[in-house]
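*Asks:* Given these sequences and hints, build the entire structure.
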Amino acid sequence: MSETNGFEPKIVAYVCNWCTYLGADLAGTNRLEYPPNVRLIRLPCTGRIDFNLIVKAFEMSADAVLVSGCHPGDCHYTAGNYHARRRWMLFRPLLEALGFDLRRIHFTWISAAEGRKFQQVIAEITESARKLGPYRPYEANGESKWRPAGLPPPKRRSGDDASLRTTARELLAEGKAGVVIGRGERGPVLARKPEDADRLTWNGASKIALTAYLKRKEVRALGKPAIVAGPADLRALNVLEQESQIRREDIHVIAAEGPGAAPPDFSDLDALLQLEPGERMAYWAGEFDRCVKCYACRQACPLCYCERCIVDKNRPQAIDTSAHARGNFAWHITRAFHLAGRCVGCGACTRACPAGIDLRLLNQAAARAAERQFGYRAGADPKAEPLVGVYSLTDKEEFIG
Amino acid sequence: MSRIITEAGLRELAEAWLRDGQAVAGPSEVKLGLIQYRPITAAARLLFDGFVHPANSIKEFFFPRHEPLYRYRLEGSRVVLEDCEPPAVKQLVFARPCDAAALPVLDHVFNWDCADEFYNRRREATTVVTLACSRYDDECFCTSVGLGPAAEQGADAVLFALGGGAFEVRPTTAKGDAAFADRTEESDRTATPFAGPPRRVALPRVEFDSPVWEDATLECLGCGACAYTCPTCHCFDIVDEGNAAGGMRAKNWDSCQFSLFTLHASGHNPRHAQPRRQRQRIYHKFHIYPEKFGPILCTGCGNCARQCPAGLGVLNVLKAIEASHAEHLPA
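Chains as they are written, first to last, in our numbering: chain A, 8 to 408; chain B, 18 to 348.
Hints should not be assumed to be uniformly reliable.
Stretch by stretch, here's where chain B covers chain A in the computed footprint (C-beta under 8 angstroms, at least three residues) [claimed, not checked]:
no., region
1, 24–38
2, 190–198
3, 211–225
4, 355–368
5, 393–399
Straight line, CA to CA, 27 angstroms or less: simulated DSSO-like cross-link-like pairs of lysine-lysine [stated by the list, open to error]:
no., chain 1, residue 1, chain 2, residue 2
6, A, 152, B, 48
7, A, 162, B, 48
8, B, 336, A, 224
In short, the hints are calculated from the structure, not lab data.
Idealized CB from N, CA, C, for every residue including glycine.
*Replies:* The structure is reproduced here in structure tokens:
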């Protein structure tokens, strides 16, 4: 190792089997020297590189991470790298909002013929990581005094309660719906008998998204659901339809307004991004310190519908279940990224959190990237292709070396 | 005659503990509108008034959400085990009576088939000072479970607000006495008793096979907000975390409301639907636990209802059970 003041950065490189890995091989056979600080991990395709691996590398004391694959047009599987590129376009803003130092995360395209480029990239990354110094994951540098303004109170719905109750009562009495999912004075109401309809009101309390009930087995067993939907619920229904989770004709929708076309309010996110990355990380470290992993955020979310959540999978355990800093960061990063391009901004995660963590900000980081980079707003159009399911040849790649 | 202390005196007490390198915890405002029990580093952050109940419970200071039990690391071909110890410092915890009352209840389960050293040592090292309530909200139901706004169970000393920033101190244990030694003044002012919330429900007989479970709890979404903010819920999971070089075995909170809580390796789940998990929660609190240990597993703090995203909570389920019995009883 080269002579330095003792610090040698550890760099983890996730590389595609068909291009960059062969590029590294070529560098070796050509006797091109590069710093030994890099640990290469060969994967079939950049399209198969889970962002969790990037997080994991930092957790396991990497000082920088490189993800590298085939040049556009060169993918062994035709389009894996395009899919990867689109995901990174959403992942980077999320890490930025969390206060990660993006100078430690590198994306490159290196072909099998580019042994020299591989040599240069590794040399550059090693040098930059050496200058940045050792990385301590999720280390909060002091305490952040910053506080978001928070969610605005829910808007009043304009619907009329009497006609809502009549509609619900008729649907239940005539057997057209097995359950009417709505709001009551205390919280959500699952009306199953005609007389239950009297408990429904347009402006009842609910910390959750009513559409979250559509994923519940117990609720699905009741027969065709009718849902009293506000604008965010309508957007959630659109996403569920896009993702083939529901068929619209299987759900009776009672709505007084449309899904809403006003742009989301990103002012808290803007304020967060005004902070130095270190303070952003300190802010989140302080917030996540209160997270007890009750998963109210997940349960209250209409779009967290996985039968078995990744955090509950333990072969292997991708995310630590413990409610310590590492486990909490990994969990919230994962959840936010799984909602990238899908979150409809209903705010249920934030309202449901018993520890008052403003999780919405993380979802907004990805949502705004979706708006800015792709002109895409989740839930606006049920016929649109899901953002992360497709790619475009013109996706931006100015951050890819 | 009574012993009184001023609010400034209480803060001095907390400050003295902090100066000695001991830990202090109590209600503090973590952000606008959110009060939680938190470890504090400055006595000024302690709140004594202006709220009904913090959004969590004090169990965290005895039974943390995550507690390493031991660590391992590989040295060559040898596995080295390293014991973990709970912190050796003493703790001073300011609490509501309903939180403190959970401690003698929890003592049973943590000293039943084996003595949980982590819990017991924390318990020994902690002095709990409660402030008797002088207000309540719609979710409070301590008086329905045999407690009240000045319940002494689990407290080492009980404070009563006298108004004007003064508190009457009634130590109930030697630890409580020691904490307030030389810090109080003699006075002839004594606190006026406060009745607390009205009795909201008569503890109903809990029926296992009853349609009430589905009727009253279908709205439950299966998160752990109730269990994790409950002063008495104590289920935990043992997990191993680490890699080939080293790691730890830890005790983490768990909740019977999670669908995986009872999932068998075979794929069978005896509590396959949310109402069954709710039934377990209520049943455990009011039937299983008392049958095994005596006391019921609920202090009526109301956190389950305050924190439930779906507006449920123990009190509401109990009320529904009560109503369903009335329905089913012959006229």
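*Asks:* Does each hint fit the structure? Answer for all of them.
*Replies:* Okay, the hints, checked on the actual structure:
no.: 1; hint: 24–38; verdict: violated (count 0)
no.: 2; hint: 190–198; verdict: holds (count 6)
no.: 3; hint: 211–225; verdict: holds (count 9)
no.: 4; hint: 355–368; verdict: holds (count 6)
no.: 5; hint: 393–399; verdict: violated (count 0)
no.: 6; hint: A:152 to B:48; verdict: holds (10 angstroms)
no.: 7; hint: A:162 to B:48; verdict: holds (23 angstroms)
no.: 8; hint: B:336 to A:224; verdict: holds (26 angstroms)
The structure fails to meet hints 1, 5 from the earlier list, while all remaining hints are met.
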